[in-house]
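Whenever a hint applies, use it, and build me the whole structure from the sequences.
Residue numbers (the working numbering), protein chains in the order written: chain A, 1 to 327; chain V, 1 to 327; chain F, 1 to 327; chain Y, 1 to 327.
These aren't lab readings, by the way, just hints derived from the structure by calculation.
For clarity, every value in this text was computed on a predicted model and none was experimentally measured.
Among these hints, one or two may not hold up.
Here are the simulated PhoX-like cross-link-like pairs (lysine-lysine), alpha carbons at most 20 Å apart as the crow flies [as the list claims (entries may be wrong)]:
1. V:Lys139 to V:Lys111
2. A:Lys139 to A:Lys111
3. A:Lys85 to A:Lys109
4. A:Lys99 to F:Lys99
5. Y:Lys99 to V:Lys99
6. A:Lys85 to A:Lys139
Stretch-level coverage of chain V by chain A, calculated; a stretch enters the list once three of its residues show a Cβ under 8 Å from a Cβ in chain A [unchecked claim]:
7. 166-173
8. 178-186
9. 273-285
No residue lacks a Cβ here, since even glycine has one placed at the ideal position from N, Cα and C.
Protein chains: 4
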Amino acid sequence: MQLGMIGLGRMGGNIVRRLTRAGHHCVVYDRNAAAVTELAGEGSTGASGLADLVAKLDAPRVVWVMLPAGAPTESTIQELSGLMKPGDIIIDGGNTFYKDDIRRGAALKEKGIHYVDVGTSGGVWGLERGYCMMIGGAKEAVDHIDPILAALAPGIGSIERTPGRQGRDPRPEMGYIHTGPIGSGHFVKMVHNGIEYGLMQAYAEGFDILKNKSSEALPENERYTLDMADIAEVWRRGSVISSWLLDLTAQALAEDSSLKDYPGEVADSGEGRWTINAAIEEAVPAEVLTAALFARFRSRLSHTFGEKLLSAMRFKFGGHTEFKLKD
Amino acid sequence: MQLGMIGLGRMGGNIVRRLTRAGHHCVVYDRNAAAVTELAGEGSTGASGLADLVAKLDAPRVVWVMLPAGAPTESTIQELSGLMKPGDIIIDGGNTFYKDDIRRGAALKEKGIHYVDVGTSGGVWGLERGYCMMIGGAKEAVDHIDPILAALAPGIGSIERTPGRQGRDPRPEMGYIHTGPIGSGHFVKMVHNGIEYGLMQAYAEGFDILKNKSSEALPENERYTLDMADIAEVWRRGSVISSWLLDLTAQALAEDSSLKDYPGEVADSGEGRWTINAAIEEAVPAEVLTAALFARFRSRLSHTFGEKLLSAMRFKFGGHTEFKLKD
Amino acid sequence: MQLGMIGLGRMGGNIVRRLTRAGHHCVVYDRNAAAVTELAGEGSTGASGLADLVAKLDAPRVVWVMLPAGAPTESTIQELSGLMKPGDIIIDGGNTFYKDDIRRGAALKEKGIHYVDVGTSGGVWGLERGYCMMIGGAKEAVDHIDPILAALAPGIGSIERTPGRQGRDPRPEMGYIHTGPIGSGHFVKMVHNGIEYGLMQAYAEGFDILKNKSSEALPENERYTLDMADIAEVWRRGSVISSWLLDLTAQALAEDSSLKDYPGEVADSGEGRWTINAAIEEAVPAEVLTAALFARFRSRLSHTFGEKLLSAMRFKFGGHTEFKLKD
Amino acid sequence: MQLGMIGLGRMGGNIVRRLTRAGHHCVVYDRNAAAVTELAGEGSTGASGLADLVAKLDAPRVVWVMLPAGAPTESTIQELSGLMKPGDIIIDGGNTFYKDDIRRGAALKEKGIHYVDVGTSGGVWGLERGYCMMIGGAKEAVDHIDPILAALAPGIGSIERTPGRQGRDPRPEMGYIHTGPIGSGHFVKMVHNGIEYGLMQAYAEGFDILKNKSSEALPENERYTLDMADIAEVWRRGSVISSWLLDLTAQALAEDSSLKDYPGEVADSGEGRWTINAAIEEAVPAEVLTAALFARFRSRLSHTFGEKLLSAMRFKFGGHTEFKLKD
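In structure tokens, the structure reads:
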């Protein structure tokens, strides 16, 4: 089927490519004209702006917005909503906060325009592996765009089937899911990312403990110099903790087990933060996910003010003079 | 080759079976005579006690002890050490604390007996999937038992190869690793379990946040009733957080997404605790692994004394009378 | 000076009493007529409603709203804003979220009405001990109500002076502070409560470790049966961890060191939650304050869904059959 | 009464001074002869070594060892045990691990020598304020040294009495406590320090959140530039979170609210670590105390290996090229 795509970055561009390969046709736009030209050369129709893109689509129009969450997505959808007609569908495939989806969906509903939020996981691997998608929106809209979703999803592949799914919605086994009303797709994707932080931090701490087992602070007969790369590799087979993140870890460590080229200042996206906010709203204890987020915050700092305060208190009550720089 | 196996529980019994299938021959013993009889019926040689088992093995004897860590393993190895000869090999395949390995290994070395510690992951799935093994000990001993290890390990299987491993020790790709001196196998297995706790807790918290998104404490238009089973399933394909633990989660949720038959009182083994002790010894911050352990502690309690103390403080400073039962 | 007080609960009523004792005069209103009558009997002027209260005040009118945060405060200030005149001052002494202050302050500013937010600590002890107050708002408004603030504050008292405060604003030593623009008073009070949670949880965990030192799970020669009440008492003198919360702890434990009348289901207010949200917005790692909040969440639950999921995973990978209820 | 003191550092020296002021007489020894000379000049009797010190004491001899925990204390007590006689008393006033106390106490008991462990809080303030002491040992030994303990303790002072302590052991109100058998004094002191870490971290995080409220990452109308020193001061009066640690914080901030002279690399002693080990042994969830310890570990590191691993994973799954240094 036909799809308009706004935003041709790494994610948007590859989504268009995967759809084109599957026989769908895309009308594409990006502020960066070169990106438009490139995809036009691969079989898509280029557009010169939002109005042109909308004009080149048949009703009911389906437009996928794949832009950074926040202002860029907000203003684009705002403008689109003035160009599109009742029965049309706007898809937000970015990392939008789900409460923004709810607000936008309500506003678009008044104009008769459908809004579908698609949380999209897959990163740079999606073009080949397919995208895992979590989709919120009205049933009729989600059903209408099913050919697109099915083409983007990984499909069943060689992954073993889960017993006991007979009679269930087949889409999750294909790698996409209609999670519920507007916003629920991004909500589920948000929690997905929160879990991702937790999993990553669990591996990070474990390897840290392995690495520091050679520390000279330990008794000499209790030190081990362990091979990080081989350990990551061995855990990929038959162990309880095998995962795709471990596969990637094994790759990175096989290249250079010192990881010296990685600075260790770890960014976080809105989704990790919103997950904790959601946990707090729901009064769900979420120690691990929060600790993973805070570890990232701390990784980007030289020292916190709080740590200086600890030094100051120690200096004041214990005369720990070593803790005052200029004493 | 030939192996003596002491302890024919779920782990020991299946290890014998996997070895037998691979053409190795086992002499087996267990306090439970029925277990011995059963495996004798499957091609092993039964033994009536440790002395009998040792007597039935050719030198250099290799005996695998697969018993609960602590007293049972300790006393068995103690007794074995009096029965075996210089050049023989004792393997501890249980979940022994690595400092106990170091102590034992030193004692056995004085008698010329080799000690090899094998951390074994695989659980009830090991018979079919193979066991992921982390092995500490002297090179000559570990090399000697390589046929057994190779037979127990999962092998390369269908798992994608990690790029950049050319020229490296091939064993980790087969699912087993010689991690270093005595104790290092159990140390690495210990950290493996610590990571396991962290990963499990990350999923647990994420699904908790999904589940409670239907809570009536939330604004009505922000509630979603999400399908836990379908979400677990969709994340298995193309998402960053796919893993074997997620596969199992998807199975459990497909059977009954309420999980009502699971009590939620979660046991912990020594390995989770020792991992945190190791982190503390090394001064490695390990928030996530620790939080995962503490969540298990808390899961088994109705209330902590600490929580009662919080209520008491609140009552004292705020007159929160609702917090005193008999007021 | 003259003050209108809306909300005569425990906090509002005692604030009126403390002001009355200091020679100020209050016009008071509460939905509960009995509360109005009671305070009228103690020297205040009763009002029959907001309009009546406003009418009984001289310009520039100063009205203190002491109601539950959220809807009650919001609607009252909404109504007040229609009754008051340019130059008048509305004080919100409740536990309002500081972003609501900012919004309200901006709306009232358009009408020429001052808005002052007062974070008030002191609880049931405030009438005698005085209230510690954190105040946000325009300088001229805060200065105007200074006589009221000074009367409510604890004053210097017998607490030792902090060296090096010569030349500084004297108000903090009296127990009140002008923290900055609108909202900053509630923001500082919010963080105060976040710290309070952390401090309380630190004591709670420590006493928990003391209490469980008699556990039969420990080796017999390492068990101690410790006297919780005496330990709390001894720490009050000369130790690094003496505090007012410890004083209260010592009182509760002296009454009954088993704390058996306290249920241990610990409520949390918005302020603890907002503190963590603020930390996340600022990318400040705040492990301790967050853990304290989550411990309260967990204290109110029998089991989390997450814990059931842990049991389910253990059952699936390890055949831990003891963890399925109906197996 | 008479006391032998070994170790005349800041703690030992001031203990001698406080005892001397109270009319007790000390025989003193330190490896550093100057320290001996100094205290001899203040009324104590100097000794040239352990044997000399023991020889100068009347039976039953009481010797207080005030040395760094671990090897120095261990070897000194070892040597002392050969010099002292049945009925004599050795006091370990340092920060010894309580399991070492138990071991030592059992060994000394065989020689008829009493062992008393005294956990001592007070730091550089102890000389004037008195020392809060937690004491483990046999009743007869603890009773024998009561005059010394009473002289060192802060006494009731001006601190308000806790209601309901009538009929209880009066010593805790004086600032010292007989906690139980050998080791229990150090155990309680250990937990005291664990709580101390938690309290300190709670303040540290709170002030961090206050400090970063001026961050440019926040919306401009939600930023506040708060006065750290004044806020610490105001909380000292009438607030729920007033404490001695807050008093010290207020002092440090009054001197320089930027704390720029404090490096923020925060040491930890064994006691903080042992507290967490104890929590784990008892299966007590102790999130806050652990997080406080881990924050100190992290404060001393530039980056953890774990953080580099997070960067590596992000690079691998997301192509976050900014996270590889040399790309």
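Hints, one by one, checked against the model:
| no. | hint | result |
| --- | --- | --- |
| 1 | V:Lys139 to V:Lys111 | holds (18 Å) |
| 2 | A:Lys139 to A:Lys111 | holds (18 Å) |
| 3 | A:Lys85 to A:Lys109 | holds (11 Å) |
| 4 | A:Lys99 to F:Lys99 | holds (18 Å) |
| 5 | Y:Lys99 to V:Lys99 | holds (18 Å) |
| 6 | A:Lys85 to A:Lys139 | holds (19 Å) |
| 7 | 166-173 | holds (count 5) |
| 8 | 178-186 | holds (count 5) |
| 9 | 273-285 | holds (count 8) |
Checked against the numbered hints given earlier, this structure breaks none of them.
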